[in-house]
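Colleague: These protein sequence lines map, in sequence, to chains F and A.
In terms of the working numbering, the first sequence has 189 at position 189, counting the first letter as 1, and numbering is strictly consecutive.
In terms of the working numbering, the second sequence has 232 at position 232, counting the first letter as 1, and numbering is strictly consecutive.
To be clear, the hints were calculated from the coordinates, so they are not data collected in a lab.
Some hints here could point you the wrong way.
Going by beta-carbon spacing under 10 Å, a handful of chain F positions derived as facing chain A [said to hold, decoys possible]: (1) G24; (2) V89; (3) Y90; (4) D118; (5) P142; (6) F279.
Examples of chain F residues lying across from chain A (beta carbon under 7 Å, computed) [stated by the list, open to error]: (7) W35; (8) D176; (9) I278.
Glycine residues also receive a C-beta, built at the ideal position from the N, C-alpha and C atoms.
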Amino acid sequence: MTQHYRVSHRTTYSYDDDVSDSLGIAYLVPRDLAWQKVVSQEISIDPEPGDRSSDVDYYGNTVTYFQVTEPHRVLSIHGLSEVEVFAPVYDEAALAQPWEQARPAERPDVPDAWQALDLTLPSPLVPLVPGAHEYAAASLTPGRPVGEALTDLMHRIHAEFTYDKTATTVTSTIDDVLGTRAGVCQDFAQLTLSCLRSHGLAARYVSGYLATTPPPGKERIVGADATHAWAAVWIPGESTGGGWLAIDPTNDQWANDRYVTVAWGRDYGDVPPVKGVIFTEAKKSTLRVEVDVAPV
Amino acid sequence: MTALRAYAARVNQPTLTPDGPSGTVLAGTYDEVIAPDGTLRPGWAGIAENAVQLTDEELRRVRGDVERFLADDGVTYTPARDGSDAEPWRLDPFPLILSAEEWSPLETGLAQRVELLNALLVDLYGPQTLLSRGIVPPAVVFGHSGFLRVAARASARTDRPLLFAATDLGRNADGDWVVAADRAQAPSGVGYAMENRRVISRVLPDLYRRAGLHRMAPFFQALRSTLIEAAPEDRPNPRVVVLSPGSHSETAYDQAFVASSLGFPLVEGSDLTMRDGAVWMRVFGRLERVDVILRRVDAAWSDALELRKDSQLGVAGLSEAVRRGTVRVVNGLGAGVLENPALLPYLSQACEVLLDEPLRLPSVQTWWAGDPVGREVVLDRIDELVVRTIDGADVVSAAGEQTPGLRERVLASPHRFVAQEPLALSQAPAVGADGLAPHPVTLRAFTLRHGSGYRPMVGGLASVYADGRPAASKDVWVIKDVPDALDQGVAELLPMTHAREPEALVPRVVEDLFWFGRYSERAEDLLRLILTAHAGAQDFRSRPHSVGGAALAVLMDAIASLAGRVDSDDHDEVFRAVLLEPRRRGGVAQSLASLRRSAQSVRDQLSSDTWHALGDVDRAVGQLRAYRYSHQIAESSGRMLTGVLALQGVTANMMRDPGWHMLEAGRLVERSLQLAQLLRATAVVRRGIDVDREVHTAVLTISESVVTHRRRYRGYVRLRGVLDLLLLDPDNPRSVAFALARLGEHLAAMPGSTGSSRPERLLADLRDELAAVDVAELAVAEGERRVHLEQFLDIFVDRMSRFATAVGEVHFAAPPVPRVFGFATVQE
């Protein structure tokens, strides 16, 4: 089945004093993929940047650079895109192989294994901590089919960790999340990465959106959606080289046609929706994020 | 016996006791000077006669000369520890000498190696064939912090990312050179090498002349033209800058030296800004495009937008500008990946693949623990090898050292560790307390892309070690095979054609020059006060109730009002405290330290005579610390004053650019403030005719106006005359009126002045205020106090301070500090 969405993602910064110069980077353009087609996309920035450009980064994501040099107290970055998402088709045989066989270091026979090695290593926000290694070991039992092992890990994180926006901050570490057993999707995704990489599997951080369904009988509330993050794991296939299984521990499911993929990288730091540097005397800034994923 | 003969005897008869003197020779060590048969190495042939005649005593004298020259040039090095102060650069007088035959294979090896590193860089940031073919294990690169993904995009590709590299080498027992490390991020040392040469050629002139060695200057010319040619193609007349992390950085001297010898401005991150996808330098209210950045800031710190977001050392947006090709950064931002020691085991094969030739210069034997075979060696021999992380400069565990928990650390993240054989080093003589003693020596070589190839500097920077630590640097002499061989093997380039005048001053530099002026004046004025007070103390300290004693007390109060009260009745203690205590606000030591800091920040703007003058001041301070006699206070203060005054001679020769105008403005602001405060402390209270006369005379002396006054008033000292001379006389260079008139001229010369800018308005008010002054009225006392004078001085100090602030705001306002936004939480 094909789903068609219009995604609106608006980030607004307000400052208590003039900002004379503001440089930013945005990852807001969804990727064109075998299971996702970008019909249209546009990023509008207010005030209008004096300079902007678009580039493809190391991981193939589209990244937008901008600089606003007219003094402003409010900066808004609005990404608007339309995408078609198809239900993913998985290679059952590949998912049935023992998980050990999905470690790129063990698979010199697979053409892109050398590239996948990048995602077996620790990254700035995903250190390979002993706690994560130990936690994952219960799911990654010897010889277990990789699809089953990953699903089991996803189930356990979903069951044993509480979704709690107050439990963590942007500076929380994997160890903090393991300690409090609570966090948000970004924490669960990065915990999953640490678990899998510490066993030699290649796993990437995926940033995007999840279309939500309103409770029965209720209207869909516009703007109540949020950005989302999950993990994708390298699974070497028979003929096609490595494929990737996307698992969402926050919602305890494999990614499906409700998931809009924007960008991926080693961790959140590679693909933040918006980041920037401002030059100002302002002391305070407030941030508002409005996301809407509307079925079309 | 002469020094070299004694050295030869020493190295050929090694002491057998293991705990002999520090220079004890290890069997099988290559000696750089003495061959095993006791003769001198070939490089020494031409100068053997002179060299052999040097005695220990002469060498000690030469060593003293070296120290003095380095101090005069203000050559420093700041150890990388937190909070370290700059230390004098250390240079051993005895050069490391290599013959043309010895040098030639090394030179070929260096050129090949850097060409290989360039090719490696192109591959790692482009097609990555070495990784896909497994010639370099991918995790070596992917797991290294120097591999910058923002520079690894198709948009960032260039075919010559490596323009300048350094190679650290040691020499084994067979006399063969082995590479210890490659430096590609932002190699330092070439400025120190040049400075070493400058000093050694002066202290050993005969040897230098006879040796027939390669001069260094052509290498600098080549470096300069390489940087200019590195500019983006569409940029005629390119602007090149040297980006420094600041005057507190480890090798600040080296950076400033390179900038000033190449004639490029030395800038800091805050001097640059991003506009329209390009990098610009702030120059007085306008922006000037920058085309090439020789960066001495590590890549991770050079862009707060895409790299370390907490860094203010770089330019936010720099990676974007580089990718768009609007600016060229040297070396490229991704070059740090080459410093990874885990690459060393794979270089030889990479050379076969990339250059299709065998690697000439071997690297120190290295094992990467990320490789199963390498890991086994690392773990088996962990205590006997040197263990390092792949991206830390420091050794984790030295050879022969047992480091608890090391094995576990390596096993926990094997790809982060390498182990290396200890580098075999040759030895060279260094001048010590008891003559020449052998010390281990390393060589840092520098290689430059010049034209289409790579050209090593014929020479370099050597270091000798004591107790495993660097003890001093050495000049490196490569002797020409024929006397008329081209220096550096390059035809003399055209006299340095200016790509662009290095005239552009950024606001930060102008601000430092302004403070240079203020601090030098502050030190000068207080030194004059101390000298006068000290003379009074010599005569009257034991007669406090005499007229002279009462006047002395007033001067001591004036000192206290300027530099804080000292808790002592002993006059000399007070003088010493004000002269020496580094943290005393307003004191001489503090002003001089601040003066030196300002000077260091604008080193490339100042003549080297500045350091000479400051060196004299330092020596006077040293004497004062060493000798506690009272007369030493006058002696040292006098010499400090001479040193500070010499700075005026130095700055008199500066270009009349905005920097000079602000330096002079700083002096004038400070002079009038100091004068007002001196009058405030001495003239407001009436103390009777005799004491007042004594005090006023002292004030005239301190203000360098006593001769004029005597001529004009025939020795008749009254406050009215004093005030007339010090406040209103337009021809007296020490007067307030003079200062205000000159300040007007300096301001008018500034690009930011409009005729009605705030500093100009405030200055006009000050001049009106002064014009309205009636000195007769000021001199009138009501009871014990001269209230009109008091009021006038208070208002003047306040307005002058506001004026100084306004000058700063208009002419060198710092841009707002960058802040990082973003990092919105992702949540569902």
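Colleague: Hint D118 (chain F) vs chain A: min CB-CB distance below 10 Å?
Modeller: holds (4 Å)
Colleague: Can you verify the interface hint for I278 (chain F): is its Cβ closer than 7 Å to any Cβ in chain A?
Modeller: OK, holds: I278 (chain F) within 7 Å of chain A, min 5 Å.
Colleague: Verify the interface restraint on W35 (chain F): the C-beta must sit less than 7 Å from at least one C-beta of chain A.
Modeller: This interface hint is violated because 20 Å lies over the 7 Å limit.
Colleague: Close enough to count: is the Cβ of G24 (chain F) nearer than 10 Å to one in chain A?
Modeller: Holds, because the Cβ-Cβ distance from G24 (chain F) to chain A comes to roughly 7 Å (cut-off 10 Å).
Colleague: Close enough to count: is the Cβ of P142 (chain F) nearer than 10 Å to one in chain A?
Modeller: Violated - the Cβ of P142 (chain F) stays beyond 10 Å from chain A, reaching only about 20 Å at its closest.
Colleague: At a threshold of 10 Å, is the proposed contact between Y90 (chain F) and chain A supported by beta-carbon distances?
Modeller: violated (23 Å)
Colleague: Report holds or violated for the interface hint on D176 (chain F), using the least CB-CB distance to chain A and a cut-off of 7 Å.
Modeller: Violated - the Cβ of D176 (chain F) stays beyond 7 Å from chain A, reaching only about 14 Å at its closest.
Colleague: Double-check F279 (chain F) for me: the hint is only fine if its C-beta lies closer than 10 Å to a C-beta in chain A.
Modeller: Because about 5 Å separates F279 (chain F) from the closest Cβ in chain A, which is inside the 10 Å limit, the hint holds.
Colleague: With a cut-off of 10 Å, does the beta carbon of V89 (chain F) approach a beta carbon of chain A closely enough for the hint to hold?
Modeller: Where the cut-off is 10 Å and the nearest Cβ of chain A is about 25 Å from V89 (chain F), the hint is violated.
Violation of the numbered hints given earlier is confined to hints 2, 3, 5, 7, 8; the remaining hints are satisfied by the structure.
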